[in-house]
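Undergrad: Start from the sequences, fold in the hints, and give me the full structure.
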Amino acid sequence: MNEKVISEKNSQGLHDAANAALLLAIFVGVWQVVFMLGIWPQISLPSPVMVAESFVKIISNFSLPEGIGITLGRLVSAFAISIVLGTLIGLAMIRFRGFGKTLNSFSAGLLSFPSIAWVPFSILLIGFNEFGILFVVIMSSIFSVMISTYSSIRNIPPIYLDAAKNMGAKGFALFRYVTLPAATPSLIIGLRQGWSFAWHAIIGAEILMSIVGLGHILSVGREFLDMGEVIASMITIFAIGLIVDRFLLNKIEEKIRRKWGLDHHR
Amino acid sequence: MTKLQAKNIVKHFDHNGNSVLALDGITLDVQEGDFVCIVGPSGCGKSTFLNIVAGLEKPDSGDVLLNGNSISTPGPDRTMVFQEGALFPWLKVIDNVEFGLKMAGIPKDERRQISQRYLDMMQLTKFADSYTYQLSTGMKQRVAIARALAMDPEILLMDEPFAALDSQTRDLLLVELQLIWERTKKTIIFVTHNISESVILGNRVVVFKNRPSKIKKEIVIDYRRPRLMEDENLQKYYHQIVEELKSEVIAQIKDENQ
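Each protein sequence line maps, in turn, to chains X and P.
Start counting the first sequence at 3; every next residue gets the next number (the numbering used here).
Start counting the second sequence at -9; every next residue gets the next number (the numbering used here).
Derived by calculation from the structure, the hints in this document are not laboratory data.
None of these values were measured; they are calculated from a predicted model.
Careful, some of the hints might be misleading.
Partner residues are not named here, just some residues of chain P that face chain X (Cβ under 10 Å, in silico) [said to hold, decoys possible]:
1. Met70
2. Glu74
3. Phe78
4. Ala118
5. Thr122
6. Ser126
7. Gly128
8. Ala241
Each computed DSS-like pair below joins lysine-lysine, with the alpha-carbon atoms no more than 30 Å apart [stated by the list, open to error]:
9. P:Lys244 / P:Lys(-7)
10. P:Lys92 / X:Lys261
11. P:Lys244 / P:Lys207
12. P:Lys48 / P:Lys92
13. P:Lys48 / X:Lys172
14. P:Lys82 / X:Lys253
15. X:Lys172 / P:Lys82
Simulated restraints, written as ranges between beta carbons of each label pair [said to hold, decoys possible]:
16. P:Pro97 / X:Ser188: 32 to 42 Å
17. X:Leu182 / P:Gln225: 49 to 59 Å
18. P:Leu218 / X:Thr104: 50 to 60 Å
19. X:Arg156 / P:Val0: 28 to 38 Å
20. P:Thr(-8) / X:Lys253: 52 to 62 Å
21. P:Glu246 / X:Thr104: 29 to 39 Å
22. P:Pro79 / X:Ile118: 33 to 43 Å
The C-beta atom is built at its ideal place from N, Cα and C for all residues, glycine as well.
TA: Here it is in structure tokens:
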């Protein structure tokens, strides 16, 4: 990549950031105007400044940082379990064809199953505790990991495998050096989807199950009629979702796509 | 010395639930250092035959012997150059060339040495660290040839490797491949539907019949190298093969219209 391209890319980035800031400013402006029109009482719709004050409050009493820490910690451990188990089941689906085909025929139902619908089941089976939440998050994300492992490997062009076998690759080396890298671009998309399902699930489960965390701050805000706190938590949830996707998952995917030349002909 | 023997290879394949006879007893001996081209109408099973020799497909009956030993699985002693190159997009050019050596457990330094040598031979030295999407189709096929040669195979199998190339690039590679063959003394089986290619490359041109495939005719081309596309002395061989193939193509069209 030459310097001109890099500087063009940077100025494109600046341009995008300026547009985003403008959109946010318009949003806050409209919000302020609606607030000043007085359609809703202050308790139902606080002003941007009041929400900022709520932010300061829940940051300084540590409930927000604590909530973020607990929720993200929980999310990472549950998602890690999803990746490990989902990948193993996906590989088993490849290994045992009939099993894979049958399980895959349920994939649409499994993938579209709303994560919140796992909550009552989890409460009755496991209870209002840490494991209950983990269960909901795992069940919500494991199927996208599983199905994407299965379909990514199944959709590898056979010619890569033929070429590899032709050069003497077999067994684990074939898997490690050909199957896995050949499936990677598609696997990453599945992981991204799984992450997004897990994120939906954890906030929902924390709200419904009233267990300490980011979602819980939302439901506490509702119970105390503190709309400022509710909106501040919503903004936090939005920001975390955005940051993780843009600066982590998207970056990984872009890097792989660039290396593969998948964006080359656009 | 006989390098490769195919004995009475029979292969059916499944077509819309019907079993179709693709290869009806192919018997072929290839001598060490020979350059054999296989031509035939498209879909006649010549690629299937090559896949069987490579061990990527199993024959229903018959036997393939390499240096007198029966083979049934793929192996680096019979490396293949595929039509689409089949390079790995997640690896750099040099790592593509080294792939088979790595699978063979050859240490890294030695791998580098070998792959450099073949990259030099294919005039790819400058592109060692490129990824495959950065290469033209012709360069990709050069990498594929380097990758196959790096394994130092007993026999090199080429499945229409130049079919996707523009004609200038192909003419260039046709000359290069002859030079490489003379230099490395490799035994080569080259499958193509392009008659000119087979005349330029082959010591022997084996003409496959339309499905069910048998060997219809074998033409020996004893002519100096490197042969060029525009060499008029090659015309008589060309026409001889065209004659053999004409009836086959007509038969194929009839087949398809049924």
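Undergrad: With reference to the structure, classify each hint as holding or not holding.
TA: We went through each hint and held it up to the structure:
no. : hint                             : result
1   : Met70                            : holds, 5 Å
2   : Glu74                            : holds, 6 Å
3   : Phe78                            : holds, 7 Å
4   : Ala118                           : violated, 16 Å
5   : Thr122                           : holds, 7 Å
6   : Ser126                           : violated, 13 Å
7   : Gly128                           : violated, 17 Å
8   : Ala241                           : violated, 30 Å
9   : P:Lys244 / P:Lys(-7)             : violated, 37 Å
10  : P:Lys92 / X:Lys261               : holds, 21 Å
11  : P:Lys244 / P:Lys207              : holds, 21 Å
12  : P:Lys48 / P:Lys92                : holds, 26 Å
13  : P:Lys48 / X:Lys172               : holds, 17 Å
14  : P:Lys82 / X:Lys253               : holds, 21 Å
15  : X:Lys172 / P:Lys82               : holds, 21 Å
16  : P:Pro97 / X:Ser188: 32 to 42 Å   : holds, 33 Å
17  : X:Leu182 / P:Gln225: 49 to 59 Å  : holds, 51 Å
18  : P:Leu218 / X:Thr104: 50 to 60 Å  : holds, 59 Å
19  : X:Arg156 / P:Val0: 28 to 38 Å    : holds, 30 Å
20  : P:Thr(-8) / X:Lys253: 52 to 62 Å : holds, 57 Å
21  : P:Glu246 / X:Thr104: 29 to 39 Å  : holds, 37 Å
22  : P:Pro79 / X:Ile118: 33 to 43 Å   : holds, 40 Å
Of the numbered hints given earlier, the model fails hints 4, 6, 7, 8 and 9; all others are met.
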